[in-house]
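Let the hints inform the model, and build the full structure from the sequences given.
Protein chains: 2
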Amino acid sequence: MNTKNMMVQEMVKPFLLQARYGIEKESQRVTLEGNLVRTDHPASVGSRSFHPYIQTDFSETQLELITPVTESVAEVLASLEAIHDVAQRSMPKDEMMWPFSMPPALPEKEEDIQIAKLENHADVLYRRYLAREYGKRKQMVSGIHFNFEYGLDLIKQLFLAQTEEASMENFKTRIYMKTARNFLRYRWLITYLFGASPLSEARYFDNADRPKEPVRSIRTSRYGYVNKPDVQVSYETLARYSEELAENVAQGRLSEEKEFYAPIRMRGGKKVADLFQTGIRYIELRNIDLNPFERVGISSDEIEFLHLFMLYLLWTEEKLSADEWVAEGNRISDAVSLERPTETTAYLAEGHAIFEEMLQMVDELELTGADLLKNYQRWLDHPEETLAARILALDEAKGQAAVALELGQQFYEQAWARPYQLAGFQEMELSTQNLLFDAIQKGIETEVLDRQDQFVKLQHKDHQELVKNGNMTSKDTYIAPLLMANKTVTKIVLARAGFHVPQGETFASIAEAQKAYPRFAQNAFVIKPKTTNYGLGITIFKGETALADYNAGLAIAFAEDDEVIIEEFLAGTEYRFFVINHQVKAVLLRTPANVIGDGKRSIEELVAEKNASPLRGINHRSPLEKIQLGELEQLMLKEQGLRIDSIPEKDQQVFLRENSNVSTGGDSIDVTDEMDESYKQLAIEAVNVLGASISGIDLIIPDKDKPYETAADYGIIEANFNPMMHMHIYPYIGKSRRLTTDVLRFLYPEMNI
Amino acid sequence: MNTKNMMVQEMVKPFLLQARYGIEKESQRVTLEGNLVRTDHPASVGSRSFHPYIQTDFSETQLELITPVTESVAEVLASLEAIHDVAQRSMPKDEMMWPFSMPPALPEKEEDIQIAKLENHADVLYRRYLAREYGKRKQMVSGIHFNFEYGLDLIKQLFLAQTEEASMENFKTRIYMKTARNFLRYRWLITYLFGASPLSEARYFDNADRPKEPVRSIRTSRYGYVNKPDVQVSYETLARYSEELAENVAQGRLSEEKEFYAPIRMRGGKKVADLFQTGIRYIELRNIDLNPFERVGISSDEIEFLHLFMLYLLWTEEKLSADEWVAEGNRISDAVSLERPTETTAYLAEGHAIFEEMLQMVDELELTGADLLKNYQRWLDHPEETLAARILALDEAKGQAAVALELGQQFYEQAWARPYQLAGFQEMELSTQNLLFDAIQKGIETEVLDRQDQFVKLQHKDHQELVKNGNMTSKDTYIAPLLMANKTVTKIVLARAGFHVPQGETFASIAEAQKAYPRFAQNAFVIKPKTTNYGLGITIFKGETALADYNAGLAIAFAEDDEVIIEEFLAGTEYRFFVINHQVKAVLLRTPANVIGDGKRSIEELVAEKNASPLRGINHRSPLEKIQLGELEQLMLKEQGLRIDSIPEKDQQVFLRENSNVSTGGDSIDVTDEMDESYKQLAIEAVNVLGASISGIDLIIPDKDKPYETAADYGIIEANFNPMMHMHIYPYIGKSRRLTTDVLRFLYPEMNI
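So the sequence lines, in the order shown, correspond to chains A and B.
Each residue of the first sequence is one higher than the last, beginning at 1 in full-length UniProt numbering.
Each residue of the second sequence is one higher than the last, beginning at 1 in full-length UniProt numbering.
Keep in mind that a hint or two might mislead.
No farther apart than 30 Å at their CA atoms in a straight line, the calculated lysine-lysine pairs in the DSS-like style are these [claimed, not checked]:
1) LYS13/A <-> LYS542/B
2) LYS374/B <-> LYS515/A
3) LYS735/B <-> LYS457/A
4) LYS4/A <-> LYS117/A
5) LYS680/A <-> LYS457/B
6) LYS680/A <-> LYS117/A
7) LYS515/A <-> LYS650/B
8) LYS178/A <-> LYS271/A
9) LYS117/A <-> LYS13/A
10) LYS4/A <-> LYS515/B
11) LYS475/B <-> LYS461/A
12) LYS680/B <-> LYS475/A
13) LYS680/B <-> LYS457/A
14) LYS270/B <-> LYS258/B
15) LYS374/B <-> LYS542/A
16) LYS610/B <-> LYS735/B
17) LYS156/B <-> LYS515/A
18) LYS13/A <-> LYS610/B
19) LYS515/A <-> LYS13/B
20) LYS156/B <-> LYS475/A
21) LYS515/B <-> LYS156/A
22) LYS475/A <-> LYS374/B
23) LYS475/B <-> LYS680/A
24) LYS374/A <-> LYS515/B
25) LYS475/A <-> LYS475/B
None of these hints come from the bench; they were simulated from the model.
All of these numbers come straight from a predicted model, not from anything done at the bench.
Now the structure itself:
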């Protein structure tokens with residue numbers, strides 16, 4: 001098959017870069033001092049019997065992180081980043097991931113290496129067999145497995161662009177077999193560029209059979225984790241490959257197929273023989289060392305290069321018979337992996353030839369990536385730029401173990417710096433980031449269907465759920481949130497059911513509202529837009545209100561909505577009750593933006609200090625918002641006879657806002673445990689009356705310690721659909737309430753999360 | 001009790017006009033020629049065993065329309081208007097309501113007057129008893145019953161403003177008993193002003209005992225429907241009232257309490273004796289004739305007057321002992337009712353005294369209404385302005401029966417002029433008006449919780465449902481409409497489930513979208529905002545698109561939304577499938593705004609003619625929208641080489657729009673019965689996959705007659721939550737599909753609607 005002729009056709013070109021990717025990444029868990037941990041796989045992570053993202057490899061200490069299949073480099077990296085964050089933050093606070101492929105110093109006694117404690121006994125038995133056959137030490141090495149699939153449209157267009165092969169299924173198989181053979185032939189280039197296991201740590205090698213370190217990659221060399229030399233398989237055709245693999249198992253040279261540690265695997269069915277039914281769906285590249293300079297072990301550039309390399313493998317012609325071609329590749333790969341990293345490779349000329357051919361391909365096929373290729377080509381003449389050489393240089397300066405510790409700690413700190421965010425998804429709402437975190441942690445398959453719209457798909461076995469904005473789910477009816485969105489109707493419904501709600505009226509015009517002045521002026525009342533977000537447009541009057549102030553309040557409210565509510569202002573403290581599935585899972589007190597004086601610093605300085613907390617950010621990217629010093633805050637100070645350069649006395653609390661919304665710099669204080677049970681019951685019953693499953697209901701309560709007796713003991717202000725969750729998860733003061741986990745429990749009762 | 005002293009207090013004043021109202025209105029059903037109908041109570045109306053709004057009184061031909069209890073005059077009138085519309089439009093097209101209290105000419109044989117065919121046998125037996133005791137003819141008279149309740153806060157404030165009566169319950173009873181006695185004393189004024197039964201028609205009186213017509217009100221006179229003279233009851237106290245009423249029943253003078261035809265009734269429990277438990281909740285005024293000049297039999301001014309009159313009855317002192325006072329009132333009432341309408345009343349002086357006292361009350365209590373009172377007071381000196389006199393004048397000109405026919409037909413035409421609207425609620429969305437119509441018709445209690453927000457409460461027995469915008473209900477989950485609102489995610493979900501959806505991409509910036517030009521330019525595609533209403537911002541390109549046109553399309557779409565979708569344009573015809581509860585209830589073809597030429601008139605003239613249809617309006621107040629001749633339409637004409645003054649040939653169809661939305665003047669054509677079943681099944685399955693219960697799903701189908709076989713036979717464009725219903729109910733061409741009834745069936749399966 002002349003694949004080049006197919007690839008250059010116009011009908012094929014638009015689809016050339018179409019592909020799907022998946023990454024598996026192994027890492028040893030170590031202490032912050034760099035020693036292999038003695039703890040079990042993290043308990044907070046869902047069961048390894050089904051976990052799609054966080055597994056263990058050979059040993060109990062060896063994490064295996066698995067991304068879902070994605071259709072872009074950005075997505076696969078985002079997923080890996082996220083799973084990495086979840087894994088790191090699910091581990092005890094004194095553990096981190098070892099950034100190198102080669103493990104840290106191993107225990108003196110091999111029995112101290114703990115085989116993964118898997119639930120499936122067959123999995124344990126297999127690991128015990130491996131330990132006997134290869135020794136436990138060799139199993140402790142980590143790497144990246146890169147799963148690659150040519151896009152279906154690409155395969156289809158290539159198929160249409162030829163006439164030689166009539167069967168689409170056979171064509172696809174031939175495409176992948178060619179790719180595999182060429183990969184085996186040219187894979188040395190990957191090792192040259194990205195080999196990153198130049199040195200072993202103590203007790204990795206337990207006998208004299210070891211390379212002369214440093215090398216480019218112990219892991220991909222014959223000293224790495226490879227089968228015994230008598231295990232040989234042909235890649236000429238899928239049939240031969242399958243037969244010979246089966247023969248190896250039949251003869252007892254392999255215990256089962258998966259013991260065949262080839263640098264590439266054809267994937268599709270559960271077993272190789274299934275491939276005749278399923279076809280080859282994708283291929284798995286297994287010869288990639290962890291890039292220790294990347295938190296997740298692989299960079300975007302590496303993936304882009306691998307993608308172009310795959311296209312090149314399809315593009316370039318094979319020059320020998322299948323078996324000879326692969327055997328030649330194996331020889332070269334082993335040789336290159338054992339070269340000294342800082343030395344020029346013996347295959348420099350072939351390396352340049354590959355790059356020249358790749359550049360020509362990129363040019364002919366009008367692909368992007370020429371710059372990236374040229375950059376990597378430069379490494380051929382500058383071996384000191386390869387990963388192995390860079391590690392070696394650092395090793396010479398301070399020792400490989402110290403380097404690993406430094407890099408590991410740096411990545412550890414990155415993962416913990418903003419624990420309320422999830423790497424790869426930081427531009428999404430915090431609640432959704434937290435929900436994704438929890439779902440990944442518990443082993444629920446997640447997929448973001450629309451980032452901008454906060455639309456997430458969850459799946460566990462056959463049970464699928466869609467979630468928008470963190471808590472808009474199938475568990476609520478359509479009408480309940482619409483009811484909550486309408487404050488007037490909410491009040492009618494609650495009042496009729498016997499709940500105490502502030503009396504008020506809705507006005508559709510400013511003129512009409514102005515006429516109502518005499519009815520409200522004498523008592524405390526609040527003017528607010530009928531629909532409000534973040535407390536915008538709300539003014540509170542505490543009694544004896546002047547007409548001008550009243551009219552000003554109306555103007556502010558009508559600027560936010562066509563309809564405005566004026567209602568009785570209830571004295572007392574407002575609490576947010578987060579109700580889900582007939583339970584109060586959190587109660588929060590929100591206090592308006594404020595600072596507490598120290599007798600020395602000005603209000604401006606105190607605000608700056610408070611704003612420096614990593615919990616405070618802007619535009620809802622953090623659990624709390626920075627306190628502003630805008631017009632409203634300065635007005636509020638002025639009313640208290642203060643300015644931003646005033647210096648409050650020690651312990652004097654100065655408020656900068658009337659409203660207590662977290663979104664305008666307010667503090668959030670968890671009072672779930674302190675709130676009298678009777679009010680929680682009230683909140684639950686009110687949410688029931690509204691027919692809602694998830695609601696943030698706001699109650700005014702004069703005394704939260706005194707059990708509810710009469711209507712005077714509380715008033716319901718409003719019920720919020722899609723209530724903020726992150727302010728409960730990361731309160732300014734008090735206990736964190738992980739509401740996103742409650743959402744998952746509600747959605748997946750069968751999982752017993 | 002000095003009620004005047006209580007009423008003038010500041011604490012009472014803000015609540016003086018607080019009240020609740022309910023109206024019952026009887027009407028005889030007649031043919032359009034004015035003859036009593038021979039048909040049964042309309043079958044389309046829900047069962048009389050529970051119907052809260054539409055009942056029958058004595059005879060099968062006598063409708064009784066009952067409003068819910070409301071808190072304002074506007075609301076009670078709106079309800080009555082609506083129920084009136086429903087009743088009229090539920091009757092056969094050749095029936096209408098007789099506008100007078102006095103019935104039309106009655107059958108010669110009394111047996112031809114059909115007693116109401118009620119399900120409850122006791123109700124039938126009671127009517128048979130009445131027929132025996134009073135004769136059927138007298139039962140054929142109609143009137144208004146006006147239920148009035150002083151506001152609870154008003155009663156409470158009055159109670160707090162006195163010290164004489166310590167029990168709130170007793171106080172309330174005394175308030176209502178005083179009102180009742182004064183009402184009985186002064187009710188003649190109501191008869192003077194609003195008496196409207198001056199003349200009887202043929203065979204109403206079947207013996208010589210009849211008044212000398214014309215009078216002010218046959219109905220309220222001793223010749224009306226009154227008890228025999230031996231039935232007497234004291235109003236001194238509730239206890240005496242109750243005892244004596246019971247005694248009348250015990251002695252057989254009345255068959256049961258409800259046979260006591262007093263001009264006022266104390267209401268609260270089911271029986272009078274219950275009032276000791278329940279207290280008097282409200283009073284029922286029964287002496288109000290139908291105002292034949294008002295479609296609903298009573299005017300807003302009459303109700304306002306009655307309200308002030310009730311306050312006056314509380315305000316003014318009684319001047320004799322209870323029994324003497326009532327007896328005096330009865331005498332005067334009978335006398336006034338039998339006066340000649342055009343004559344000055346014998347009680348002119350007392351009439352003026354009452355008005356003067358009322359005006360003084362209004363002044364002292366700072367109430368509105370003085371103008372209204374002065375206007376009615378004028379009628380004392382101008383008896384020709386009273387209702388009875390006005391009827392008489394018309395009678396003299398053309399005969400009362402002809403007047404009744406004329407008025408009845410006028411009201412009939414009003415009810416049928418815009419059958420898609422519901423009187424009293426015309427400013428609401430058409431779908432909600434239709435839903436309210438159906439609910440009232442079927443006997444589901446309705447309440448509009450928020451007119452502007454289209455928020456409606458429905459209730460049947462204990463089963464309550466909230467509905468917004470006609471079909472947003474508890475039957476859908478929260479997430480399903482959110483999913484449908486996101487076209488991108490909808491397509492992902494549908495495509496994964498194996499449905500054919502047009503391939504496309506979403507862009508968040510105009511620059512990014514511009515870059516995609518080469519990928520779309522060669523084939524047919526559509527550019528549209530991610531979220532769109534009424535088809536705004538959509539441009540269709542049918543292939544070989546120029547870059548400038550492409551960019552213009554992007555600008556139009558990005559003006560409507562931050563995100564824009566570009567997708568494959570599927571050739572074929574677009575159909576809207578309305579799916580509810582796993583059934584396709586309507587399929588609609590929408591054609592773009594167009595006119596069909598006659599070879600004579602210009603496009604402008606043809607448009608004007610088409611727009612003259614009562615089905616076409618503006619701003620969605622009618623089922624179809626008027627065709628505009630704006631920029632877009634003129635551009636479209638220009639592309640066809642036409643102008644608005646061009647004269648199309650006979651039968652030439654000229655399109656004025658690309659898009660087929662009804663909202664831009666398109667035509668709606670019902671094709672439910674013509675659509676092949678296989679596509680209906682597809683629509684149902686797709687809606688199931690989206691997890692929705694109610695959806696308007698748009699399919700492109702090249703051939704609706706050819707059963708679905710492959711993906712090429714259809715494509716799903718989008719699914720709409722809250723799909724328009726009125727375009728199916730009132731299509732331009734084809735059969736009406738009453739989807740609002742389907743919504744009610746879905747919500748209330750137990751009712752077997």
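Here is what the structure says about each hint:
For the hint pairing LYS13/A with LYS542/B, the CA-to-CA distance comes to about 24 Å; that is within 30 Å, so the pair holds. Annotation: proposed proximity of LYS374/B to LYS515/A holds, straight-line Cα distance about 26 Å (limit 30 Å). A threshold of 30 Å between alpha carbons decides the hint, and for LYS735/B with LYS457/A the separation of about 41 Å lies outside it, so the pair is violated. The straight-line distance between the Cα atoms of LYS4/A and LYS117/A is roughly 49 Å, outside the 30 Å bound, and the hint therefore fails.
In summary, the hint linking LYS680/A to LYS457/B is supported, as the alpha carbons are separated by about 28 Å, within the 30 Å threshold. Proposed proximity of LYS680/A and LYS117/A is contradicted: the alpha carbons are some 42 Å apart, above 30 Å. Proposed proximity of LYS515/A and LYS650/B is contradicted: the alpha carbons are some 60 Å apart, above 30 Å. A distance of roughly 20 Å separates the Cα atoms of LYS178/A and LYS271/A; the hinted pair therefore holds under the 30 Å criterion.
At most 30 Å may separate the alpha-carbon atoms for a hinted pair to count; LYS117/A and LYS13/A exceed this at roughly 49 Å. For a cut-off of 30 Å, the pair hint linking LYS4/A to LYS515/B stands: about 27 Å separates their Cα positions. Between LYS475/B and LYS461/A the CA atoms are separated by roughly 26 Å; this keeps the pair inside 30 Å, and the hint holds. For the hint linking LYS680/B to LYS475/A, the alpha-carbon distance of about 28 Å falls within 30 Å, and the restraint holds.
For the hint linking LYS680/B to LYS457/A, the alpha-carbon distance of about 28 Å falls within 30 Å, and the restraint holds. Between LYS270/B and LYS258/B the CA atoms are separated by roughly 10 Å; this keeps the pair inside 30 Å, and the hint holds. Of the supplied pair hints, the one linking LYS374/B and LYS542/A is violated, its CA atoms being roughly 42 Å apart against a limit of 30 Å. For the suggested pair LYS610/B and LYS735/B, the alpha carbons sit about 20 Å apart, so the restraint of at most 30 Å is met.
A threshold of 30 Å between alpha carbons decides the hint, and for LYS156/B with LYS515/A the separation of about 25 Å falls inside it, so the pair holds. Our distance criterion of 30 Å between C-alpha atoms is broken by LYS13/A and LYS610/B, whose separation comes to about 52 Å. Proximity of LYS515/A to LYS13/B is assessed by CA-CA distance (about 17 Å); at most 30 Å being required, the pair is judged to hold. A C-alpha spacing of about 43 Å is found between LYS156/B and LYS475/A, which places the hinted pair above 30 Å, so the restraint is violated.
Taken as a hint, the LYS515/B and LYS156/A pair is honoured in the structure, with Cα atoms around 25 Å apart against an allowance of 30 Å. Restraint check for LYS475/A and LYS374/B: not satisfied, since their Cα atoms lie roughly 60 Å apart, outside the 30 Å limit. Taken as a hint, the LYS475/B and LYS680/A pair is honoured in the structure, with Cα atoms around 28 Å apart against an allowance of 30 Å. A hinted pair counts as satisfied when its Cα atoms are at most 30 Å apart, and LYS374/A with LYS515/B qualifies at roughly 26 Å.
Taking the CA atoms of LYS475/A and LYS475/B, the gap is near 12 Å; set against the 30 Å cutoff, the hint holds.
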